[in-house]
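Student: Chain by chain, the residues:
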Amino acid sequence: MRQFGFSISQTRSIDLDQIDFSCLNELREAVPTFMVCINCGACTATCSAQQFSDFNIRKIKTKLMQGQYEGLAKELDKCMLCGKCTLVCPREVNLRNSIVNMRRILTKKNK
Amino acid sequence: MSKIAIIGAGPAGIESASMLARNHEVLLFEKSSTALSNILDKAYLFPDFSSATDIADSLNSKLINENIKLMLNTEVVDIVRNDSEWKIVDKSGKNYFVDAVLITTGYQTFDATRKEELGYGIYKGVVTSIDMERMIRYNQIVNSINEAPKRIVFLQCVGSRDEKSGNRYCSKVCCVTAVKQAIEVRKLLPEAEIYIFYMDLRMWGQHFEELYRESQEKYDIRFVRGRISEASSTFDRKIQIKAEDTLLGVPMKMTADLLVLMVGMEASCGTKDLGVKCGIGGEYGFVKTATPHLCDNETTEQGLFVAGSCKRPMTINDVINDARSAACVISDYLK
Numbered sequence: 145m146r147q148f149g150f151s152i153s154q155t156r157s158i159d160l161d162q163i164d165f166s167c168l169n170e171l172r173e174a175v176p177t178f179m180v181c182i183n184c185g186a187c188t189a190t191c192s193a194q195q196f197s198d199f200n201i202r203k204i205k206t207k208l209m210q211g212q213y214e215g216l217a218k219e220l221d222k223c224m225l226c227g228k229c230t231l232v233c234p235r236e237v238n239l240r241n242s243i244v245n246m247r248r249i250l251t252k253k254n255k
Numbered sequence: 032m033s034k035i036a037i038i039g040a041g042p043a044g045i046e047s048a049s050m051l052a053r054n055h056e057v058l059l060f061e062k063s064s065t066a067l068s069n070i071l072d073k074a075y076l077f078p079d080f081s082s083a084t085d086i087a088d089s090l091n092s093k094l095i096n097e098n099i100k101l102m103l104n105t106e107v108v109d110i111v112r113n114d115s116e117w118k119i120v121d122k123s124g125k126n127y128f129v130d131a132v133l134i135t136t137g138y139q140t141f142d143a144t145r146k147e148e149l150g151y152g153i154y155k156g157v158v159t160s161i162d163m164e165r166m167i168r169y170n171q172i173v174n175s176i177n178e179a180p181k182r183i184v185f186l187q188c189v190g191s192r193d194e195k196s197g198n199r200y201c202s203k204v205c206c207v208t209a210v211k212q213a214i215e216v217r218k219l220l221p222e223a224e225i226y227i228f229y230m231d232l233r234m235w236g237q238h239f240e241e242l243y244r245e246s247q248e249k250y251d252i253r254f255v256r257g258r259i260s261e262a263s264s265t266f267d268r269k270i271q272i273k274a275e276d277t278l279l280g281v282p283m284k285m286t287a288d289l290l291v292l293m294v295g296m297e298a299s300c301g302t303k304d305l306g307v308k309c310g311i312g313g314e315y316g317f318v319k320t321a322t323p324h325l326c327d328n329e330t331t332e333q334g335l336f337v338a339g340s341c342k343r344p345m346t347i348n349d350v351i352n353d354a355r356s357a358a359c360v361i362s363d364y365l366k
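Those protein sequence lines, which keep their order, are chains A and B. To convert, count from 1 in the first sequence and add 144; that's my numbering. To convert, count from 1 in the second sequence and add 31; that's my numbering.
These aren't lab readings, by the way, just hints derived from the structure by calculation. The beta carbon of each residue, even a glycine, is placed where N, CA and C say it ideally should be. Don't take every hint at face value.
As the list claims (entries may be wrong) - No more than 25 Å apart at the CA atoms, straight line, and that leaves these computed lysine-lysine pairs for DSS-like:
#, chain 1, residue 1, chain 2, residue 2
1, A, Lys253, A, Lys203
2, A, Lys228, B, Lys284
3, B, Lys118, B, Lys62
4, B, Lys62, B, Lys308
5, B, Lys181, B, Lys62
6, B, Lys155, B, Lys122
7, B, Lys155, B, Lys34
8, B, Lys34, A, Lys222
9, B, Lys366, B, Lys34
10, B, Lys195, A, Lys203
11, A, Lys228, B, Lys181
12, A, Lys218, A, Lys228
13, B, Lys284, A, Lys203
14, B, Lys308, B, Lys122
15, A, Lys218, A, Lys253
Unchecked claim - Residues from chain B shown here face chain A by an in silico Cβ test under 10 Å; the list is partial:
#, residue
16, Ser81
17, Asp85
18, Asp88
19, Asp114
20, Arg145
21, Val173
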């Protein structure tokens with residue numbers, strides 16, 4: 145009998161039941177202020193790396209909080225650690241420290 | 032007839048004075064030369080655009096009462112308990128003895144020069160919401176070179192919700208004030224582009240959300256979700272701002288003719304001062320009430336009461352209600 149080529153496309157939605165939060169948990173221990181971000185975007189707006197690349201620290205943070213670790217370590221290499229993001233943050237998130245720790249944790253997990 | 036001292040002749044002081052004066056004698060202290068100076072800073076009030084001068088006039092008319100003694104230019108420097116009495120000391124050293132004290136020393140707006148990265152006091156094209164009220168009142172909305180601005184940008188949360196300025200709290204009134212001012216600017220400058228940059232829009236009060244909708248529907252006010260992190264001057268003295276459109280996830284820059292900083296409410300100097308002296312100083316320099324729900328006009332000191340925006344940021348109608356409730360509480364206390 146002829147086989148029809150149906151295939152099931154993968155869902156785009158994030159399955160919150162399946163997420164591995166290990167990186168996030170490790171990070172919040174290292175940088176407790178990481179969790180108080182309100183996504184105002186002041187960091188991204190003032191970012192030096194943002195002017196020369198598609199680096200968006202707020203998006204990286206948001207992805208990490210949803211357990212979407214794929215490719216993040218490589219993204220983080222675009223940061224020059226100038227620390228301006230930390231200066232403008234209205235919630236006093238220690239963002240510079242978060243970036244150093246994100247790199248460490250994600251590299252360890254080979255993400 | 033008992034005697035009550037009320038400190039601060041703003042809306043809270045005047046409203047409670049007028050109610051208490053039905054049965055008591057009221058000494059109303061005001062350190063500046065006019066009552067209601069914070070209301071008179073404004074042109075029109077949200078949400079119905081009623082005239083601030085009219086509101087101030089109606090409040091002022093309540094002072095025509097033989098039981099109220101208004102003392103302008105009289106700064107209270109100390110409040111001391113003297114057995115069951117309270118002693119008020121003014122700056123000239125004069126003492127007054129009363130049965131109860133109501134503190135209504137109110138707020139002051141955040142000093143925007145403290146946020147240096149936003150350029151207030153450095154670039155002429157950066158103004159505060161208080162400056163904007165004045166511009167609206169006199170129909171003189173101008174940029175740094177005294178021309179009508181083509182693009183006006185409002186920025187929310189300056190000096191509130193900001194750890195860097197030490198004010199964690201939400202100032203409550205700025206969201207709707209920006210929408211109100213944007214509509215007023217639109218009426219005066221029909222051709223201008225008007226933007227509001229926000230982190231969250233907190234339209235909590237009656238008619239606030241409707242006003243927000245109206246600003247989009249009728250007045251073409253554009254909203255961008257992102258906090259402006261820095262402002263600088265261009266060679267032609269416009270203001271360049273940087274922000275992220277956080278909904279797109281893309282950083283953006285924009286040149287504006289006028290940047291309006293929506294400054295938050297802080298405890299006034301008098302509030303901070305008297306709060307500490309009376310042992311009722313609370314967070315951020317506001318005064319602390321006995322309990323947040325049931326004893327919100329009382330303090331831990333018997334016979335010492337508080338009302339209005341010396342407690343926390345409040346709208347004028349909240350202040351009036353609070354002043355009336357303080358008057359009830361004080362009347363009960365003096366029975």
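Student: Hints first: check each against the structure and report whether it holds.
Tutor: Here's how the hints hold up against the structure:
A threshold of 25 Å between alpha carbons decides the hint, and for lysine 253 of chain A with lysine 203 of chain A the separation of about 20 Å falls inside it, so the pair holds. The straight-line distance between the Cα atoms of lysine 228 of chain A and lysine 284 of chain B is roughly 17 Å, inside the 25 Å bound, and the hint therefore holds. About 17 Å separates the Cα atoms of lysine 118 of chain B and lysine 62 of chain B, which keeps this hinted pair within 25 Å; it holds. With a CA separation close to 17 Å, the supplied pair lysine 62 of chain B and lysine 308 of chain B stays within the 25 Å bound.
A C-alpha spacing of about 41 Å is found between lysine 181 of chain B and lysine 62 of chain B, which places the hinted pair above 25 Å, so the restraint is violated. Of the supplied pair hints, the one linking lysine 155 of chain B and lysine 122 of chain B is violated, its CA atoms being roughly 37 Å apart against a limit of 25 Å. Among the hinted pairs, lysine 155 of chain B with lysine 34 of chain B is inconsistent with the structure: their alpha-carbon atoms are about 49 Å apart, more than 25 Å. Our distance criterion of 25 Å between C-alpha atoms is broken by lysine 34 of chain B and lysine 222 of chain A, whose separation comes to about 69 Å.
Restraint check for lysine 366 of chain B and lysine 34 of chain B: satisfied, since their Cα atoms lie roughly 12 Å apart, inside the 25 Å limit. Pair hint lysine 195 of chain B plus lysine 203 of chain A holds up; C-alpha atoms about 23 Å apart against a cutoff of 25 Å. With a CA separation close to 31 Å, the supplied pair lysine 228 of chain A and lysine 181 of chain B exceeds the 25 Å bound. Only pairs whose Cα atoms come within 25 Å are accepted, and lysine 218 of chain A paired with lysine 228 of chain A is accepted, the gap being roughly 21 Å.
For the proposed pair lysine 284 of chain B and lysine 203 of chain A, the alpha carbon gap of about 18 Å is at most 25 Å, so the pair holds. Taking the CA atoms of lysine 308 of chain B and lysine 122 of chain B, the gap is about 15 Å. The hint holds against a cut of 25 Å. Proximity of lysine 218 of chain A to lysine 253 of chain A is assessed by CA-CA distance (about 13 Å); at most 25 Å being required, the pair is judged to hold. With its C-beta approaching chain A no nearer than about 33 Å, serine 81 of chain B sits outside the 10 Å limit, and its interface hint is violated.
With a cut of 10 Å, the hint placing aspartate 85 of chain B at the interface with chain A is violated, because the nearest CB-to-CB distance is about 37 Å. At about 39 Å, the closest approach between the beta carbon of aspartate 88 of chain B and any beta carbon in chain A exceeds 10 Å, and the interface hint on this residue is violated. Using the Cβ-Cβ criterion of 10 Å, the hint placing aspartate 114 of chain B at the interface with chain A is not satisfied: the shortest such distance is roughly 47 Å. A hinted interface residue such as arginine 145 of chain B counts as satisfied when its beta carbon comes closer than 10 Å to some beta carbon of chain A; here the least separation is about 13 Å, so the hint is violated.
Taken as an interface hint, valine 173 of chain B does not check out: its beta carbon lies about 27 Å from the nearest beta carbon of chain A, beyond 10 Å.
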